[in-house]
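Participant: Sequence:
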Amino acid sequence: MTSFNETMKLKEQGEENIYFARRDRELIVALHLKNIKKFDNEDHSEFEELKTSYRSELEKLEQSHKDEHHLLSERYRELFAKIKKSIAGH
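In this note's numbering, the protein residues as written are 3 to 92.
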């Protein structure tokens, strides 16, 4: 059986853990919001061009592999790798 002091120590540690976990979550949310605002303020015209240029390729993939989900996911991965390479080249 634990003593009263040990019980109080565990209670305080638990409360401290809860406090810091809540604070960490709040800081993470604030960081995400800051990153979203930063992203929204940046110029993304080059990505819009890429999206437009690959849209038809995505639509073709979806039509040709409509019932073959495994193949479709493989083709998506290939296309996304291709898009990543083109973004890295910008």
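Read the hints as simulated data drawn from the structure, not as lab findings.
Where hints are given, some of them may not hold.
To be verified - Once the Cα atoms are required to be at most 27 Å apart in a straight line, the calculated DSS-like pairs of lysine-lysine come out as:
1. Lys53 / Lys11
2. Lys84 / Lys68
3. Lys13 / Lys53
4. Lys62 / Lys84
5. Lys39 / Lys68
6. Lys39 / Lys53
7. Lys40 / Lys68
8. Lys40 / Lys87
9. Lys40 / Lys53
Claimed, not checked - Pair ranges (Cβ atoms, derived):
10. Lys13 / Glu61: 57 to 67 Å
11. Asp42 / Lys68: 49 to 59 Å
12. Leu60 / Arg27: 43 to 53 Å
Where a beta carbon is used, it is the ideal one built from N, C-alpha and C, also for glycine.
Participant: It remains to establish, for every hint, whether it holds in the given structure.
Facilitator: For each hint, the structure was consulted:
1. Lys53 / Lys11: Measuring from Cα to Cα gives roughly 56 Å; hence the hint is violated.
2. Lys84 / Lys68: holds (21 Å)
3. Lys13 / Lys53: violated (53 Å)
4. Lys62 / Lys84: holds (16 Å)
5. Lys39 / Lys68: violated (36 Å)
6. Lys39 / Lys53: holds (21 Å)
7. Lys40 / Lys68: violated (37 Å)
8. Lys40 / Lys87: holds (24 Å)
9. Lys40 / Lys53: Within the cut-off at roughly 21 Å; holds.
10. Lys13 / Glu61: 57 to 67 Å: Once the Cβ atoms are compared, 59 Å apart, the range 57 to 67 Å for Glu61 and Lys13 holds.
11. Asp42 / Lys68: 49 to 59 Å: violated (34 Å)
12. Leu60 / Arg27: 43 to 53 Å: Check failed, 35 Å falls outside 43 to 53 Å.
Of the numbered hints listed earlier, those contradicted by the structure are 1, 3, 5, 7, 11, 12.
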